[in-house]
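J.: Chains as they are written, first to last, in the numbering used here: chain A, 1 to 406; chain B, 1001 to 1406.
The set of hints was computed from the structure by calculation and includes no laboratory data.
Each residue gets a CB set at the ideal place from its N, CA and C atoms; glycine is no exception.
Honestly, I wouldn't trust all of these hints.
Per the computed footprint, the stretches of chain A lying under chain B, defined by three or more beta-carbons under 8 Å from a beta-carbon of chain B, are [unchecked claim]:
| # | region |
| --- | --- |
| 1 | 54-68 |
| 2 | 76-89 |
Computed cross-link-like contacts, DMTMM-like style, restricted to lysine to aspartate or glutamate with a CA-CA straight-line distance of at most 25 Å [claimed, not checked]:
| # | chain 1 | residue 1 | chain 2 | residue 2 |
| --- | --- | --- | --- | --- |
| 3 | A | LYS122 | B | GLU1142 |
| 4 | B | LYS1018 | B | GLU1235 |
| 5 | A | LYS117 | A | ASP34 |
| 6 | A | LYS18 | B | ASP1052 |
| 7 | A | LYS18 | B | ASP1290 |
| 8 | A | LYS18 | B | GLU1235 |
| 9 | A | LYS314 | A | ASP290 |
| 10 | A | LYS127 | A | ASP176 |
| 11 | A | LYS329 | A | ASP302 |
| 12 | B | LYS1127 | A | ASP176 |
| 13 | B | LYS1187 | B | GLU1217 |
| 14 | A | LYS122 | A | ASP167 |
| 15 | B | LYS1122 | A | GLU142 |
| 16 | A | LYS321 | A | GLU339 |
| 17 | A | LYS314 | A | ASP394 |
| 18 | A | LYS127 | B | GLU1142 |
| 19 | B | LYS1193 | B | GLU1242 |
| 20 | A | LYS117 | B | GLU1049 |
| 21 | B | LYS1117 | A | ASP167 |
| 22 | B | LYS1220 | B | ASP1290 |
| 23 | B | LYS1393 | B | GLU1339 |
| 24 | B | LYS1393 | B | GLU1374 |
| 25 | B | LYS1018 | A | ASP176 |
| 26 | B | LYS1018 | A | ASP52 |
| 27 | B | LYS1018 | A | ASP48 |
| 28 | A | LYS18 | B | ASP1045 |
| 29 | B | LYS1314 | B | ASP1290 |
| 30 | B | LYS1018 | A | GLU49 |
| 31 | A | LYS321 | A | ASP290 |
| 32 | A | LYS393 | A | ASP45 |
Over the 10 Å line for every Cβ pair with chain A, so calculated as not near, a few chain B residues [unchecked claim]:
| # | residue |
| --- | --- |
| 33 | GLY1143 |
| 34 | SER1168 |
| 35 | ALA1236 |
There are 2 protein chains.
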Amino acid sequence: MALIVKKFGGSSVATTAKIMAVAERVLREKAPDDKIVLVVSAMGDTTDELLDLAGQISPHPNSREMDMLLATGEQVSVALLAMAFQQLGSVSVSLTGPQAGVMTNSVYSKARILDVKPDRIKSELAKGRIVIVAGFQGLSPEGDITTLGRGGSDTTAVAIAGALRADSCEIFTDVDGVYSADPRVVKAARRMKEITHNEMLEMARLGAVVMQPRSVEMGKHYGVPIHVRSTFTQEAGTIIREEYTMQEREFIIRGVTHDTNVAKIAILGVPDRPGIAHKIFSALANAAIDVDMIVQSIRNSDQHINDIVFTIAKADLAKAKGLAEQATKDMGVLRVVVEDNVAKVSVVGAGMYGSPGIAATMFGALAEAGINIEVISTSEISISCLIQADQVKDAVNAIHSRFFQG
Amino acid sequence: MALIVKKFGGSSVATTAKIMAVAERVLREKAPDDKIVLVVSAMGDTTDELLDLAGQISPHPNSREMDMLLATGEQVSVALLAMAFQQLGSVSVSLTGPQAGVMTNSVYSKARILDVKPDRIKSELAKGRIVIVAGFQGLSPEGDITTLGRGGSDTTAVAIAGALRADSCEIFTDVDGVYSADPRVVKAARRMKEITHNEMLEMARLGAVVMQPRSVEMGKHYGVPIHVRSTFTQEAGTIIREEYTMQEREFIIRGVTHDTNVAKIAILGVPDRPGIAHKIFSALANAAIDVDMIVQSIRNSDQHINDIVFTIAKADLAKAKGLAEQATKDMGVLRVVVEDNVAKVSVVGAGMYGSPGIAATMFGALAEAGINIEVISTSEISISCLIQADQVKDAVNAIHSRFFQG
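The following block holds chain A by itself, in its conformation from the complex:
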């Protein structure tokens, strides 16, 4: 007997025919004694239709009421999926997020799960029922309905799996696993059998879009293995877990990621005095602008002048430039230069810490492809290079080829 949580996204339940197909697949893959909890998103375009209705009423709808509105999307799909199981002769029951004990904070539209109280789920499982939980939603301490924001149904599934100490948490999605690079960019990209939570988190942070970081963090927190699989094929997929179970890893580098939603700001000619970086980055932090790579380099040590270069999301560029100029305007800074025609390529691998040649190999691959590196940053499990945006495809292929086909 296994206790398995399975999550199906909006495209998997977009029509009543697809909802029937999900029920059929779950029953086909279920061992007789398995206990199954399903977490389901809203049907296909439902959320967009609800957003459109709200937009007809108000350009800036109240976020509490927006959550009240949007939560109906999953409630519809769980009820229909429960009917589908019953039509196939199985016993099932649907639960809203609040009914399933998904407790969140009160930050409407991007609430965080604080706790899952799985009593109701457990009692329904004990009755032999397949339990179908509305993803993406929970209950605030005030008793209001909240939604979790992007990737919320994944997070619901992982949190429930953690609270139930489930044997596995399967995320059914429109890709069939985690690849060594984006398969649309790198033809030879390989599907990974296993990857660690930390590697997946770093890959998500650096541009991989398979899983939202929140759900992977949740998996790490609860020690839940997350099995990423395709709704539309029978492929084995990728298991995201704490540690590798396979004796030997094929590759130290687990993924090459890229991110083109990045812009660069260079503050040139900053006087080399304490507190200046603090002033600049405090101003950005107060405006809730996420700064990614930061490099300070010495322009001229005799004149005590530095350059500070950092990257941010493209959408924040204009605001960040204004703040940087204001923060440095009395410092005799020469210039604030911005560039949004840049991209970041990264390699991720938990084993790279003990492998000193990784950075050299990455830089060599880029050099050989004639690609100039503008900024470099590293973490314990990743190395990132900022390059020109029009070279990103070449860069990812060159790096991937060196690490995975070399």
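Given chain A, put chain B in place with the hints provided.
T.: Chain B alone, transformed into the frame defined by chain A:
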């Protein structure tokens, strides 16, 4: 300051434009200190669309899951209406039936309200908010979502008004009050300013479709005056209350109703022995068939033979005939005769008990119009006659004219 509960049906909130219009009207009619609770149905065709989705999955969907599905309809409309108030600069909050404390039994799809725990509504009102409650739905003792069946939002509104001891409960609907007869049948029908709960209950039982009996019963139970008004006009409407407040009533008869959803069964030649009627009507009761008028007449007192005639809803005719035949098959009953081309016309008025001429006046009106009476039955506040269905319009007009224009 007044505490007012107002209920708007599905046609009042069928589009986002109509939802805005409801919010504007409520604000226009609101005195500055008034506390307002709104009870709202699902938008126009939403329920039909959800039923259609369920029908695509299963011909006989599970009723618990059906309630889970249908309850989303009101959740959408309350969230949108709350957004509309906020767009107009008012403070409002939407609540599902369960959040509003509407506690029901577990009879899915036609649950009965057992209690309303209005703590959340009260605390939101105390914060100066307009409270918008999803009608038609509640919470079962097991923590599941239930729906109340036909007219459920009216019942929600009256139950909440009762629990809050509201000053009034206004039901906005597509007619502008309770009429002395169906205005589509009787051109001269008058709108009543006032009518008692008991009269309204009797009129609903006898064919008037303005209000479902459940909500009127609830109003009677809590002593809540129910004010029936039109969504689309500013007419004064009709107040349904315990006792008349006006010094003198204009008319003893308050309404002439008709019902064509009726069929007649005659059991001819029943032996005059104790226990036979019991056997027949027990069989019908066990099959959950509602019997309306019952008349037993003596055919031949020497031979001790009676005829028993009763009426039922048309849909139950075939089943009832079979049961009647079976229950009497060993009794030497001559024949079971059925007829579905019949209709019932009734007069209702709480004051008729002390006015002996009412029945004579009604029968006289029918006789003068050349209409034969097949069965007569009376209650403390009504008299009903079964006639041929094709004469129903003439009958209602003849009776109405005698009592209201005579």
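J.: Now look at each hint and say whether the structure bears it out.
T.: Hints versus structure:
With 10 residues having a Cβ less than 8 Å from any Cβ of chain B, the region 54-68 of chain A passes the three-residue criterion, so the hint holds. Only residues whose beta carbon comes within less than 8 Å of a beta carbon in chain B count, and the region 76-89 of chain A has 9; three or more means the coverage holds. As the CA atoms of LYS122(A) and GLU1142(B) are separated by approximately 14 Å, the hinted pair is consistent with the 25 Å bound. About 19 Å separates the Cα atoms of LYS1018(B) and GLU1235(B), which keeps this hinted pair within 25 Å; it holds.
Distance check on the hinted pair: LYS117(A) and ASP34(A) sit about 21 Å apart at the alpha-carbon level, within 25 Å; holds. For the given pair, LYS18(A) sits about 16 Å from ASP1052(B) by alpha-carbon distance, which is consistent with the 25 Å threshold. Taking the CA atoms of LYS18(A) and ASP1290(B), the gap is near 43 Å; set against the 25 Å cutoff, the hint is violated. At roughly 50 Å between alpha-carbon atoms, LYS18(A) and GLU1235(B) are farther apart than 25 Å, so this suggested pair is violated.
This hinted pair checks out: LYS314(A) and ASP290(A) have alpha carbons roughly 11 Å apart, not beyond 25 Å. Restraint check for LYS127(A) and ASP176(A): not satisfied, since their Cα atoms lie roughly 33 Å apart, outside the 25 Å limit. Between the alpha carbons of LYS329(A) and ASP302(A) the distance comes to roughly 22 Å, so the proposed pair stays at or under 25 Å and holds. A hinted pair counts as satisfied when its Cα atoms are at most 25 Å apart, and LYS1127(B) with ASP176(A) does not qualify at roughly 51 Å.
Proposed proximity of LYS1187(B) and GLU1217(B) is contradicted: the alpha carbons are some 29 Å apart, above 25 Å. Distance hint between LYS122(A) and ASP167(A) is fulfilled; the C-alpha atoms sit about 15 Å from each other, no more than 25 Å. Straight-line distance between C-alpha atoms of LYS1122(B) and GLU142(A) comes to about 14 Å, which keeps the hinted pair within the 25 Å bound. Between the alpha carbons of LYS321(A) and GLU339(A) the distance comes to roughly 10 Å, so the proposed pair stays at or under 25 Å and holds.
Taken as a hint, the LYS314(A) and ASP394(A) pair is honoured in the structure, with Cα atoms around 22 Å apart against an allowance of 25 Å. At roughly 14 Å between alpha-carbon atoms, LYS127(A) and GLU1142(B) fall within 25 Å of each other, so this suggested pair holds. A C-alpha spacing of about 14 Å is found between LYS1193(B) and GLU1242(B), which places the hinted pair at or below 25 Å, so the restraint holds. As the CA atoms of LYS117(A) and GLU1049(B) are separated by approximately 34 Å, the hinted pair breaks the 25 Å bound.
Pair hint LYS1117(B) plus ASP167(A) does not hold up; C-alpha atoms about 41 Å apart against a cutoff of 25 Å. For the hint linking LYS1220(B) to ASP1290(B), the alpha-carbon distance of about 23 Å falls within 25 Å, and the restraint holds. Between LYS1393(B) and GLU1339(B), the direct Cα distance comes to roughly 19 Å. Compliance with the 25 Å bound is thereby established for this hinted pair. Distance hint between LYS1393(B) and GLU1374(B) is fulfilled; the C-alpha atoms sit about 16 Å from each other, no more than 25 Å.
Note on LYS1018(B) and ASP176(A): the hinted pairing is violated, with a Cα-Cα distance of about 46 Å set against a maximum of 25 Å. A distance of roughly 16 Å separates the Cα atoms of LYS1018(B) and ASP52(A); the hinted pair therefore holds under the 25 Å criterion. The straight-line distance between the Cα atoms of LYS1018(B) and ASP48(A) is roughly 21 Å, inside the 25 Å bound, and the hint therefore holds. For the proposed pair LYS18(A) and ASP1045(B), the alpha carbon gap of about 24 Å is at most 25 Å, so the pair holds.
For the given pair, LYS1314(B) sits about 11 Å from ASP1290(B) by alpha-carbon distance, which is consistent with the 25 Å threshold. Between the alpha carbons of LYS1018(B) and GLU49(A) the distance comes to roughly 18 Å, so the proposed pair stays at or under 25 Å and holds. For the hint linking LYS321(A) to ASP290(A), the alpha-carbon distance of about 13 Å falls within 25 Å, and the restraint holds. Between the alpha carbons of LYS393(A) and ASP45(A) the distance comes to roughly 32 Å, so the proposed pair goes past 25 Å and is violated.
Not every CB of chain A is more than 10 Å from the CB of GLY1143(B) (nearest about 6 Å), against its label as outside the interface. Separation of SER1168(B) from chain A is adequate, the least Cβ-Cβ distance of about 26 Å exceeding the 10 Å criterion. With a least beta-carbon separation of about 30 Å from chain A, ALA1236(B) lies farther than 10 Å from that chain, consistent with its non-interface assignment.
Comparing the model with each earlier hint shows violations of hints 7, 8, 10, 12, 13, 20, 21, 25, 32, 33; every other hint is respected.
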